[in-house]
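The listed protein sequences derive, respectively, from chains S and F. No gaps in the numbering here: position 381 of the first sequence is 381 in this note's numbering, and each next residue is one more. No gaps in the numbering here: position 163 of the second sequence is 1163 in this note's numbering, and each next residue is one more.
Hints are supplied without guarantee of correctness; some may be wrong.
Claimed, not checked - Only part of the chain S face toward chain F is listed, based on derived beta-carbon distances under 8 angstroms:
#1 S316
#2 M437
#3 Y917
What the hints assert, rightly or not - Derived DSS-like pairs: lysine-lysine, alpha-carbon spacing no greater than 30 angstroms straight-line:
#4 S/K938 with F/K1320
#5 S/K919 with F/K1320
#6 S/K958 with F/K1252
#7 S/K825 with F/K1427
#8 S/K359 with S/K289
#9 F/K1252 with S/K944
#10 S/K919 with F/K1315
#11 F/K1197 with S/K359
#12 S/K509 with S/K465
#13 S/K368 with S/K322
#14 F/K1128 with S/K807
#15 F/K1197 with S/K355
#16 F/K1427 with S/K609
#17 S/K53 with S/K68
#18 F/K1197 with S/K939
#19 F/K1252 with S/K956
#20 S/K956 with F/K1197
#21 S/K103 with F/K1197
#22 F/K1252 with S/K969
To be clear, the hints were calculated from the coordinates, so they are not data collected in a lab. Just so you know, even glycine gets a beta-carbon here, dropped at the ideal spot from N, CA and C.
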Amino acid sequence: MKKLLFVLFFLSISLANAQDYFPTNSGVKTSKSNLVAFTNATIYVTHEQIIQKGTLLVKDGKVAEVGKSVKIPTGAKIIDLDGKMIYPSFIDIYSDFGIAKPKRNPSDSRSSQYEAEREGYYWNDHIRPETNPISDFKFDNKKATELLNAGFGAVNTHLQDGIIRGNGLLVALNPNTTNAYRILDTKSAQFLSFNKSVQSRQSYPASRMGAMALLRQVYLDADWYAKGNMKNKDLALEALNKNKNLVQIFETGDHLDAVRADKVGDEFGIQYTIVGSGDEFERINDIKKTNATFIIPIDFTTPFDVSNPLLAEQISLRDMRKWNQDPSNLAVLEKNGVPFALTTYKLKSAETFHKNLQKAIEYGFDKKTALASLTTIPAKIIGNATVGNLNKGSFANFIITSGDVFDASSTIHENWVQGEQNIINDMNIKDITGEYMLSVNGKNYDLSITGKGAKQAGTIKLEDKKITSKFSFQNDWVEITLDDEGYTRLMGKIINAANVMEGSAFDTKGNKTSWSASKKVAKEEAKKKDEKSSDKEILVMPVSFPNVGFGNYTQPTSESILIKNVTVWTSEDAGILENTDVLLKDGKIAKIGKNLSTKGVVEIDGTGKHLTAGIIDEHSHIATSAVNEGAHNSSAEVTIEDVVDPTDINIYRNISGGTTTAQILHGSANPIGGRSAIIKLKWGENAENMIYKNSPKFIKFALGENVKQSRSTNGTRFPQSRMGVEQVFVDYFTRAKEYETLKKSGQAFRKDIEMETLLEILNGERFISCHSYVQSEINMLLKVAEKFNFKINTFTHILEGYKVADKMAKHGVGGSTFSDWWAYKYEVIDAIPYNAAIMHNAGVTVAINSDDREMSRRLNQEAAKTVKYGGISELEAWKMVTINPAKLLHIDDKVGSIKEGKEADVVLWSSHPMSIYTKVEKTIIDGKVFFDVNEDVKKREAIKEEKSNLINMMLKEKMGGAQTRVPMKREDRNFHCDTLEETKS
Amino acid sequence: MKNIIKIVLFFAFVGNIVAQQTPASKQTTAFSIEGATAHLGNGQVIENSLIMFADGKITFVGSAMMKIARMGTIINATGKHIYPGFIALDATLGLVEIDAVKASDDESEIGIMNPHVRSLIAYNAESKLVESMRPNGVLMAQIVPRGGTISGTSSVVQMDAWNWEDAVIKVDDAIHLNWPGSFTSGRWWLGEDPALKPNPEYPKNVDKIKSFLTDAKQYVASKSDKMHLPFAATKGLFDGSQKFFIHVNGEKEITDAITMSKEMGIHNLVIVRGEGAEKVTDLLVKNNVPVIINRPHRNSNSEDDAYDETYTIAKRLIDKGVLVGLGMEGQMDRMNTRNLPFYAGTFAAFGLEKEKAVQLITGDAAKILGIDAFAGTLEVGKDATLFISEGDALDMRTNQISEAYIQGRKISLESHQTTLWKRYAEKFKSE
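Between the sequences and the hints, there should be enough to build the whole structure, so can you do that?
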């Protein structure tokens, strides 16, 4: 009967919602005004405006009146909500509701594709601002029910595909109407991400830095297009210009990406709203500095199943902490004043949303902010005042709850959307939960009823022995079948405010007797117990910088340090100074001398020890989220500075070996690579602070086997031979010259980031570090540079440099080489460990580099090899990892030697720095101790202790019945020059 | 500059240099090396030593203070150091010339159970990599096939030979097994599921090995008249004449590998790689199973490991009584083999006693290979395979080798690399 009623109800609704001017062929044309008054409720008009015992008057799907004393018009249906609460329905601001995600074409071949697949659009298929998902929108009833049950009344949905993804739709989750009514905004926002579209196989961009560079160029091109400078039609740029005034919502993968996205936006005067990842607490100050409003998912992970100790020991502290710390994210964001909206994004089902939100509240997140982050804040993000509040005139999107909506014990009864009722948990169903004594057949059973609403269910015990039983109830009637020496069927009515049930019983022989159950007073007690368990102590592990094992809880500060009586390797003409004191002050080397004494300094006894300048690695690939943007033969537009990853443990391992500065180079997948980041290995600092301030500009070039795709089975990109490599350079530099001519002419010109970078090279403002092996190609590049009247700064690897050392010296190019690598590919067949010595003797500035995260932590040993191979003096050998690479990087006025006035980047060694037996005791950068061999021991112990604490916490969760997940191992990635795939964040 | 000229003159003196070095001929005159610090390779050191050898064998090891007649050519090595030739375990020298050139790669064979596949016959005695070992003191190596479950049979060679037949000092010394892993996980950086799960195939994979060995054992015992090459090749495992090198990581896996081998009646075991061996040292010691650890110059595989995890492992195992060797498996396997002394030096920097570090790549390595009766230490009666270094040979600054002998033959210390060095150093000198 009830079902039938529902059907009728829906029918009338759909009629009511048929558009006024549409012809009717199903009967006579009727119209109906919906007028409902909800009285005596606690009404949250907004998170800040609360009305006790108020009235909400709904008319035609909108709020007609709200207040303490509202005159209820005659004819209005009145619903008394005494003791209940009304909240604005929630808004899911980041959703793909009703918009199917496109699938990759599985028949695609595996060869690389360089061209776009579309015509009339931008040259890159991953830029899709013209996407308007309205034509593909299909209201998803199943998903809508899920969201309605969780209290959501509107979603902001879009096609989650591509870098620029087009506009989104704001949709009311009203199953009882048509798209004509429920789509509230057809252009609610524009969406972006760093992820490529699955609808095209175009390779570019193949990396995070490529995506960032692409976005920049798109913005420049859109501007150029808007000014009417392009001869062609570009529907993508046109759409982008049209969407310019929409809010721009940018999805990111982690807190590093959030900062990266914001950086791109800032450069073009766009403040993105950023979809975060839930790890914002790890670098909350950086997050705060973006000034962005965030959209935060709350997909907390379950604890690892650590019951197998062999598996458990593989889990990194980083991943264990994630489980422990993630629930504190919202509280941290709130405390730091970062505005954010919440989303069900990333949750497998909206059902877990409240559970996770309750957890965040347990971890200190304020309920009032929680409500704002689901109502007014998302409404503000999309600039829509008609949702997310119950002010007069707003959509009548609201939920009716039994109590505080964020309490686990509360129930959402109804979710009204556009004035249409959706019943979640019938509020007319009595709460009959509790412990009862059930008497039948002369026996006393224990009946325990738990659950919510229609899902309340009972279990029966007889003196602690479970009795098989079936329990059901509807309205005021209960039915129980129990199996105790034969079946007994009970049927009865709930009376007396749900404290007593009684009725007839039929025993196994069909004899009718009576039964009754009455509530014990024990319920109160149980409740107390509940409260107790929710009071459980929450232990959140402190966040370190970076938030991994060996991270710093506080960053080292600059102290005045006096290192006494030490053997100083100056890397200057002064050579080695015995029994010398070195004073470090304000981040600089303040004084070098004998018997220095200064008050108020930290003194370190250097007797028997050696002090050197910090090691500088000219060629490294640590501390970066990407290495190659190899999808084009030139990627001068990308920069490693965009993707520095300060969480890489190799930074710490490098300082443990005395390395203090490194050039993080783009890989060698293409002839013109990307721009470098020169970083100081200040472990614990953020990416921005690690990048060496005002460091000279560099770019990676590459020659030989890698750029001609020698070992790729499907290489189709120009060049495929060394002959072609030359032409790539000639072509690009010729075009750069033409670009410059146009630029200088005063005529309008299309700003091209790639060309701008090449111009810097031509004008001596950017230096080339070129990956190179064989003499022919080395010679070629020298000639190309000479033709275009600039100088190559460094040949890196340069394993046949010894064959053309005279030409290199003449050109003035430096050589940064491996000490002894060879035989790994054909082009290194003639590589010899005497290379450094021959180049050095020919007058070339020579550095020894690593290109390897392992070798970069023991470059002192590699320098020592030049003593063995070729008889370089120890003084000169040491310069090859200090002042020489500093010279090659044009930072030799600041670092690379121990000289008064230079930056205090020094290393204290236990003995001769090139002895195989030496160990680093302290690594100091800018006068701050970033590695200390004794502190390191403490850190190891702390990791062990924290891990075992976390394992115990996880075991406790598992024993308590919590869901767990299988352990995972984080294997860190070994980046080399030819690493092509990008790290997934 | 002065240095360079000296070196160039030295080369000019040495004379014609060809692509490969001509192996030295049999020792005819005796040598007496006097005054050097002798590192015997068994933990002992003799300062101001006298070492004499004739007909390829060491005839005297003692103090130079001894009043004993010096035989043959007397070499004054005062202030220098003398070592037994270093031995590279678990190496692939001579099996691949250029990593990236497939045609030059003879490192592994298809198939899963290949005990009959022998590295020796593919060993290129004239490889440019082999000759580049000698100037660093690496004079012997175990040449090991890779790949499959049972990769094949290794042999031990010395590094101054015309061909593999000349080179070999122990034929078919061991059979190599790659033990399966008990866990699997996806590569997170490629977006695969990084979850680490017990490998459901593990018991099955172990069973495959077990049943192969069971069948092989039965075959060997039953003298079947139908030839089965793989089974026949395992004979030495069961009669104890060949060692079983099990390449395995993980405490569970190591335990399983040892238990299974013992059950099969294979007792001559060596664990290679052996991550996790530290947790089962009792088992290793009880069963006399040595461990060949990987090179220390590699990244530890867990983010939370101490930076020196791979530097201190030698000491940690040795302290618990395990016999430890140093294997060459890893990145750029062959070219890095010449860094063997520096790997040992790194272990010494991080706690291992210096002479013990020498022993790791000499006496103990010979013991693990079962060639200690005639090689590995400076002892009377053993092969005169040794070299003289200007200083500490574990330190790259002082690893300057002036003379090296293999079985008493004074070998060339030149190579393709020194040829190029000489040619170009001279080119720029004359310009």
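Check your understanding: Checked against the structure, which of the hints given earlier come out wrong?
Key -> Per hint list: 2 and 16 violated.
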